[in-house]
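K.L.:
Letter by letter, the chains look like this.
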Amino acid sequence: MIALRGLCVRTGTGHLAVRDVDLTIQAGQRLGVVGESGSGKTMLALSMMGMVPDGLQVEGQVLVDGHSIAAEDERAWRSHRARSVAMIFQEPMAALNPLVRVGDTIAEPLRRHLGLSRRDARARALNLLEETGIPQARRRLDQYPHELSGGQRQRVLIALALACDPQLLIADEPTTALDAQVALRITDLLVRLSQERRMGLLFISHDLAAVSRTTSDIMVMYGGDVVERGRTASVLSAPEHPYTRGLLAARPSLMTRSRRLPTIPGTVPQLNALAAGCRFAGRCARELPICASRRPPLSPTETGQAACHLLGAQA
Amino acid sequence: MTARLPANILIGAVLVALVAGAAVLSAVWTPYPYAAIDVANKFAAPSATHWLGTDQLGRDLVSQLMAAAGNSMTVAVVAVGIGCSVGTVLGLLAAARGGWVEEIIMRLSDLGFAFPALLFAIMLAAAFGPSLSMVVIAIAFINIPTFARVSRAAANQIWRREYVFAARAAGMSSFAISRDHVLPNIAAPVIVQATIEFAVAILVEAALSYLGLGAQPPAPSWGRMLAEAQTLMYLAPQLAIWPGMCIVTAVLGFGLLGDGLRDISDPRLARQRSA
Amino acid sequence: MSYFLARRIAGFLLTLFVVSIVVFAVMNVLPGDPALTILGLDSTEEARAALRGRLGLDEPVVQRYLAWIGGALHGDLGQSYSFDVPVSGLIAERLPLTLSLAVSGMALTIGLALTMGLTAAARHGRAGDWAIMLLSQLGIAVPAFWLSMLLVLLFAVKLRWLPPGGFPGWGDPVAAARSLVLPTVALALVQSAVLARVTRSAALEVMRQDFVRTARATGFAPRHVLWRHVLPNALVPIVTIVGLQFAGLVTGTIVIENVFYLPGLGRLLFQSIANRDLITVQALVMLFAAIVVTANFLVDIAYVVIDPRLRAQRA
Amino acid sequence: MSDPVLSVQAVTRRYGLPRRNLFAAAPVLTAVDNVSFDLAAGQTLGVVGESGSGKSTLARMVMGFERPDSGRILFQGQDIHRLATGDLQQARRRFQMVFQDPFGSLDPRRRVGWSIAEPLRAMGETDTDAQVAEALEQVGLRAGHARSFPHEFSGGQRQRIAIARAIITRPALLVADEAVSALDVSVQAQILNLLMDIQDDLGLAILFISHDLAVVSCVCDTLLVMQGGQVLESGEVSGILQDPGHDYTRTLLSAARLGVS
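Residue numbers (numbering that gives the first Met the number 0), protein chains in the order written: chain W, 0 to 314; chain L, 0 to 274; chain G, 0 to 314; chain B, 0 to 260.
It should be emphasised that the hints constitute simulated quantities derived from the structure, not laboratory data.
Treat the numbers as computed from the prediction; the structure is a model and nothing was measured.
Note that the Cβ used here is the ideal one computed from N, Cα and C, for glycine as well.
Don't take every hint at face value.
Stated by the list, open to error - Chain W regions said to be covered by chain B (calculated; three or more residues, Cβ under 8 Å): (1) 167-180; (2) 202-208; (3) 287-298.
Please build the complete structure, drawing on both the sequences and the hints.
P.N.:
See below:
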């Protein structure tokens, strides 16, 4: 299984883009990570792949089946990426090599990592494509990415990700660039694959609706901190943290029929402008004097955990 | 801007300043008149009186190199200046008008690719007789399509920006948009291209003068000095060194400057730095 | 025949046609009296009149152009004034030397440039990158004819390994090859500096794209990613520059052949200019321009071979 | 109902695609297919659809950037595509647009005040400072912000600036093309509220274009659902939400719904 212990991502200027995250993903678990820009959700995912951009530093531990992978051991990370974890990205248009046929793209890891012959790899690639439910899978093998639609490309990327039977699939905003109808089918597919293969799924999105229909557990991030976590359904229906509450209220929903939405004042701050204590301090409607200076720990709530001084004050 | 300038800009600027300074200075002062012959003193070694020595006719090398720098820079400034301004106006026009105007301008500029600067200059020299003004005309002419392409490509990108749509929505004419929005925003790639074309112009002038198709005696030119030195290579190899070093200094200076300017004007790289 | 190819070929022929008009116009219409140019200012009016008659200069311009181009299509480029033999014969005699110089120069350029450019890109921002870029910046700044002189000073004058110039003829292949070594190196070093920079920036551009991230996320080694995914996608800009560089190499031979006293087309052009042999000059300028246009045309075709997207768009 | 500010009547727009074969006719894409609607003062009409639905082409035609192949676009009774160039430039004072990308809709090399005053300058006005200050305050910024450059602002603030520019000529119609799509949820709500405030203040009509049904339903009175250039259904927002008449609308609804009740 894949776990993070005290994971931090530090920028070149010394600011923390991800601050002290603990996390375990079990086989078959579907965890949603929700946050706005600058929440650190993508950095969190990249640090689990050992692919944090140059100039950023990862601190803390990434554990695969209990073994920690050292940050600088590029060879170990490579075999980790080859075997135990896979990732799909936001832009299916750009994420496939435009000069390589779809079948060859999927066969590539099969041949290089698993040592399959050309024929076996092709047959296996076809199976994988069929598993993603792409129509006319056999024909797709010999097509180039530009001949496919956005949803089909995302399915090809999913097939590629599944090639070496990863324990964990990380999906970073996989539906954001897709039309609503296609996005629905892709999230359904991710749920099905996670269940059938007992594969962990880390689903990163800013879209609460997509997260709510894809995941069983949820983690809300703000400014690099995990501010709240728990079962998806309970957190979204009874949020504890003021940020989660504000986010849910400010989200236009089909139920809202007033002409004004509740808002969170201010704007998502830059990393260097974040408070040392609770990162939401300064925008929070229920801020206490202590919030800006002391960081609240994650403490248990009725639905899971939240990091807020208010919880301690009530208790 | 708090970011410090990259090393290539600094080194480039110093080299360019060196050559440009020598060029400007040569207009008012050189140690000796560059064409002053002193046969008694030929092939003099470097000394306090002749810093780099003299050539086969006893002419002072430093004076010749400085005067040649003046020639070389004048050719580059005038030729690239003409090519850049005409080309950029054509590129702006092509992007603003689109349609058949763009088509014609771009087809004509395609034609420019059929004639590398050197070939075009050789053709003009053959037809009109060799002279430095032919070199200027040739380089200017060849630069027009280059700048037309660069500025059109950059301008077309600007025309797709939302702030241009906003200006159109506000009712601005395409002339006003080209002036207010497009030109300031394509200045960076055009300037970068200009520094590169400066370097190319210096190389082309040197090559043509070397072939005897550029600066005519006694007009000083690095290329012609090298041609003369070549015949004396066994006798006085040092004469073949200094003019070449001057060309390298000038071209390297502009090259580094252009490179550095491109680095800091590329918004993608700029964003990476600030992130 | 595909629409794209038909359009390209039409464009190619049209460009050649316009180029021939430009060449003819510059050499015949603009300068006034070609007879005066050929014979010089001290010639007598009778001699000039006789020459005009011999060259057909008394006929209307359009007719002369048609005669010239019509002849050229049949391989008849007119009679050289100074050598008093058919120009086509002069060219046929010298073309092999110039072409072998250009082709071997191009091969060396491509080999050097790809190695340097890709190495630099793979080591982006590190010492190796800096060193290669500095070297190439220097390489661009060195005029080919000066580099030739330095090479001659070192390898011919000092070390006496190779001949300083001249060409012994094709009868002795080894001697012929030896005399082409320094010219080839002089041509290629400068051009490869340019191409190395293009290769590096094209590769870096591709390395920023999402599909490279996908390949890394699939666990492939950097070398594999570079050769399999980066290089093929970087080829379009590289091929563009190779086309332009072939043009540069061909015109570069004009200078280099004069440095090394090689009896090729460049030397012929130079001699013809000195002899005011406008007929030969006109033919040679047209030939050089035609080679350049052809190289650019082949590049256009190469794009389609490289990129399946263009194939689909333009097929 | 009074005369509509904007009346789109049976508008169609086709694009010729690149030819694939020398001997075949070039294929044609019908981006907007026979679309009609009216929009009255003080009202907000939402156009919802995905990429390729034709909603952006529609916006460009309403703004006069593109001509419809057939049909008419009447702005306050005038067919904007039949106006002389000078008249169209004058008419532009009364319909303005807010764009999607808060980072692309302001010229990075111009001070914010300069950009906001651009529509006034286009009308030949020169003394614009007071109006710029007023517009800035109207969108919740300070008059002093006029002297800053766009990169000094966050995405939400830039969108406020873009709105200030759009309302400085007191237009009768505002076209908002995905105006909040690039913003974080917590900022998006602020901008939506601002648009509503401004509509109440100025009584302008808003054509609100978005792919996000939840956002559209939140701010709009009436709704147009588009797909492939055609209008699938239209009507009052509440009616469509309660009883969608089309499968596609139902998909959009379920995509926007939080899977928790």
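K.L.:
Can the region 287-298 of chain W be counted as covered by chain B under the rule of three residues or more with Cβ-Cβ separation shorter than 8 Å?
P.N.:
With 0 residues close enough to chain B, the hint is violated.
K.L.:
Count residues of the region 202-208 of chain W with a Cβ under 8 Å from any Cβ of chain B, then say if the count reaches three.
P.N.:
With 3 residues in contact (Cβ-Cβ under 8 Å with chain B), the coverage given for the region 202-208 of chain W holds.
K.L.:
Okay, the region 167-180 of chain W and chain B, do three or more residues pass the C-beta test at under 8 Å?
P.N.:
holds (count 3)
Checked against the numbered hints given earlier, the structure breaks only hint 3 and satisfies all the rest.
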